[in-house]
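Given next are the chains, with one letter for each unit.
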Amino acid sequence: MQPLRTFADSADIRQALQRVGELLAAAGEEYGIVIVGGAALNLMGAVRRATRDVDILAFARGRGRSARLEPPPTPLPDVLAAAIHTVGRDMGLADTWLNADPALQWKQGLPRGLAGRVKWRKYGALRVGIVGRADMIRFKLYAAADDHPAGRHVSDLVALHPSDAELREAARWVKRQDAAPQFPAFVDQVVAHVRSLWAARAR
Amino acid sequence: MSGRSGRLVLASLFESTLDLLWRQWRAIGAAATGQPVTRQVDPEALCLASLVFQDREPRLWIVMSDWIRLAAPLVSVQRLKNLAVQFPDVGKGVAALGRVAWQEGRDARWKRLAASPQRLAPRTSPKQRSAGPALAAPPALPLRLRAAFTVSVKADLLAFLLGQPYRVTVSTAAVSLGYTVPTVFRSLQDLRAAGLVESADLPSAAEYWVDAGKWYDLLGGERAIARWGFWRETLVYVCAVSALESRPEHRGASDYARATAFRELASQHEAGLVRAGVIERGVPRSPSLGDWREFHDALAARIAALA
Numbered sequence: 002m003q004p005l006r007t008f009a010d011s012a013d014i015r016q017a018l019q020r021v022g023e024l025l026a027a028a029g030e031e032y033g034i035v036i037v038g039g040a041a042l043n044l045m046g047a048v049r050r051a052t053r054d055v056d057i058l059a060f061a062r063g064r065g066r067s068a069r070l071e072p073p074p075t076p077l078p079d080v081l082a083a084a085i086h087t088v089g090r091d092m093g094l095a096d097t098w099l100n101a102d103p104a105l106q107w108k109q110g111l112p113r114g115l116a117g118r119v120k121w122r123k124y125g126a127l128r129v130g131i132v133g134r135a136d137m138i139r140f141k142l143y144a145a146a147d148d149h150p151a152g153r154h155v156s157d158l159v160a161l162h163p164s165d166a167e168l169r170e171a172a173r174w175v176k177r178q179d180a181a182p183q184f185p186a187f188v189d190q191v192v193a194h195v196r197s198l199w200a201a202r203a204r
Numbered sequence: 560m561s562g563r564s565g566r567l568v569l570a571s572l573f574e575s576t577l578d579l580l581w582r583q584w585r586a587i588g589a590a591a592t593g594q595p596v597t598r599q600v601d602p603e604a605l606c607l608a609s610l611v612f613q614d615r616e617p618r619l620w621i622v623m624s625d626w627i628r629l630a631a632p633l634v635s636v637q638r639l640k641n642l643a644v645q646f647p648d649v650g651k652g653v654a655a656l657g658r659v660a661w662q663e664g665r666d667a668r669w670k671r672l673a674a675s676p677q678r679l680a681p682r683t684s685p686k687q688r689s690a691g692p693a694l695a696a697p698p699a700l701p702l703r704l705r706a707a708f709t710v711s712v713k714a715d716l717l718a719f720l721l722g723q724p725y726r727v728t729v730s731t732a733a734v735s736l737g738y739t740v741p742t743v744f745r746s747l748q749d750l751r752a753a754g755l756v757e758s759a760d761l762p763s764a765a766e767y768w769v770d771a772g773k774w775y776d777l778l779g780g781e782r783a784i785a786r787w788g789f790w791r792e793t794l795v796y797v798c799a800v801s802a803l804e805s806r807p808e809h810r811g812a813s814d815y816a817r818a819t820a821f822r823e824l825a826s827q828h829e830a831g832l833v834r835a836g837v838i839e840r841g842v843p844r845s846p847s848l849g850d851w852r853e854f855h856d857a858l859a860a861r862i863a864a865l866a
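Just so you know, the sequences run in chain order U and Y.
Mapping of the first sequence onto the working numbering: position 159 corresponds to residue 160, and the numbering continues sequentially without gaps.
Mapping of the second sequence onto the working numbering: position 248 corresponds to residue 807, and the numbering continues sequentially without gaps.
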């Protein structure tokens with residue numbers, strides 16, 4: 002059995018999503034998903050790094066600006082799950098390469114107005130929405146606060162080139178996500194760390 | 560992929576299968592042209608595959624309905640009904656065939672398949688083209704033994720065993736003939752008790768065979784006994800492919816989606832195709848449509864070679 006591979010770059014991710022969309026089209030089904038995380042950053046062009054999976058934050062009903070987001074169903078619909086399995090097998094990816102793990106965020110709530118900031122792309126019968134830049138900064142800051150300072154979430158955050166205002170706004174939202182008393186301090190430390198990295202790069 | 564290149568993926572397979580159907584009809588006495596096949600014909604599988612392929616070749620219905628008028632008593636209504644679930648969308652065709660066999664073949668067994676008492680439309684040509692089932696032809700051995708012993712599992716088992724170069728297990732016989740294992744087991748026990756079938760109790764499973772030499776004088780020599788064709792397995796797969804190909808969403812799908820649909824279908828039929836001897840190493844795992852074109856071309860060539 003061959004070891005499971007990761008996505009090398011955004012072209013690799015696009016191919017996988019395109020294949021899922023083609024299988025959905027052949028089955029006469031259509032889905033809209035909103036993604037976050039490393040794959041979304043790759044597709045945005047913000048980073049170019051290997052990533053293991055594509056994280057679904059939401060399912061979409063309707064199209065474009067009128068699209069209404071809702072939590073991904075658990076388990077994923079059969080036709081979509083079968084397409085994910087088929088493409089994963091053909092590309093040597095884990096069965097969970099397209100997963101709804103970030104759906105837990107729905108319990109705490111999504112940033113207000115997120116749906117309107119999603120940028121949509123079409124891969125066959127699969128519409129893929131990438132969360133807007135401001136929301137990506139929020140999610141990455143949240144993940145970085147839970148991660149090691151040298152972890153990939155911090156480097157992803159730096160790669161997004163957040164302005165001071167964006168970091169302030171993101172920190173405000175992130176601090177509301179965790180009730181632990183020490184959590185706001187963690188968030189401030191990450192913000193300070195990102196600013197220092199960004200300043201060092203600028204020099 | 561353009562529609563034209565899409566069709567090319569299956570062109571040779573459908574052509575080869577149509578040729579096989581014509582040659583099988585010819586071999587059992589229907590008014591069809593071509594060189595008769597050399598292996599035993601499975602009459603019910605032939606009828607069902609012809610119903611599927613009549614959309615591509617309407618003359619198949621003319622030849623089949625003409626033949627069934629004289630041969631209806633030798634076709635197993637129950638087996639046709641059982642096997643029909645393996646062939647796509649044949650319900651109306653089976654009912655239509657049932658009406659012909661019942662009303663014009665004068666065989667009341669077919670009435671239950673006819674679905675409605677609706678009278679048949681007058682025949683376009685009242686002329687009977689076929690002279691009836693060619694019982695003495697080696698590929699028609701199943702029909703010959705049914706004519707001798709009635710339409711039954713036992714007659715089919717004898718034809719099947721006579722057409723085998725090796726001993727077979729109950730499960731192989733059951734899956735090849737489309738009967739249940741208990742039915743085949745009981746019938747083989749009876750045939751063994753009657754001294755018509757030999758058996759050996761091996762640790763894994765009992766194996767059965769007939770001493771073909773004893774049948775040569777009766778049936779007209781070694782050449783009167785054709786090998787079993789295992790055609791049902793092959794025809795069921797080709798008919799499933801034909802049904803898949805007739806779906807607009809499949810025809811309009813991407814190369815990748817088409818290839819994976821072929822792969823999924825072929826994987827479901829892999830065991831049957833290997834048993835039939837039309838493939839040797841299993842079906843491709845590739846998501847490339849080019850590989851599936853090659854596979855179907857090779858399958859077409861194998862069908863032609865085995866016929």
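These are computed hints drawn from the structure, not numbers from a lab.
Keep in mind that the hints are not guaranteed to be accurate.
[Said to hold, decoys possible] Pulled from the structure, derived: some chain Y residues nowhere near chain U, Cβ distances all over 12 Å:
#1 F573
#2 V710
#3 W774
#4 R806
[Unchecked claim] Which residues of chain Y face chain U? A few of them, derived with a C-beta cut under 8 Å, are:
#5 Q637
#6 N641
#7 T819
#8 A820
#9 G841
#10 P843
#11 D850
#12 F854
#13 A857
All C-beta atoms in this analysis are idealised placements derived from N, C-alpha and C, irrespective of residue type, glycine included.
Hints, one by one, checked against the model:
{"no.": "1", "hint": "F573", "verdict": "21 Å, holds"}
{"no.": "2", "hint": "V710", "verdict": "42 Å, holds"}
{"no.": "3", "hint": "W774", "verdict": "50 Å, holds"}
{"no.": "4", "hint": "R806", "verdict": "9 Å, violated"}
{"no.": "5", "hint": "Q637", "verdict": "35 Å, violated"}
{"no.": "6", "hint": "N641", "verdict": "29 Å, violated"}
{"no.": "7", "hint": "T819", "verdict": "6 Å, holds"}
{"no.": "8", "hint": "A820", "verdict": "6 Å, holds"}
{"no.": "9", "hint": "G841", "verdict": "16 Å, violated"}
{"no.": "10", "hint": "P843", "verdict": "12 Å, violated"}
{"no.": "11", "hint": "D850", "verdict": "12 Å, violated"}
{"no.": "12", "hint": "F854", "verdict": "16 Å, violated"}
{"no.": "13", "hint": "A857", "verdict": "22 Å, violated"}
The structure fails to meet hints 4, 5, 6, 9, 10, 11, 12, 13 from the earlier list, while all remaining hints are met.
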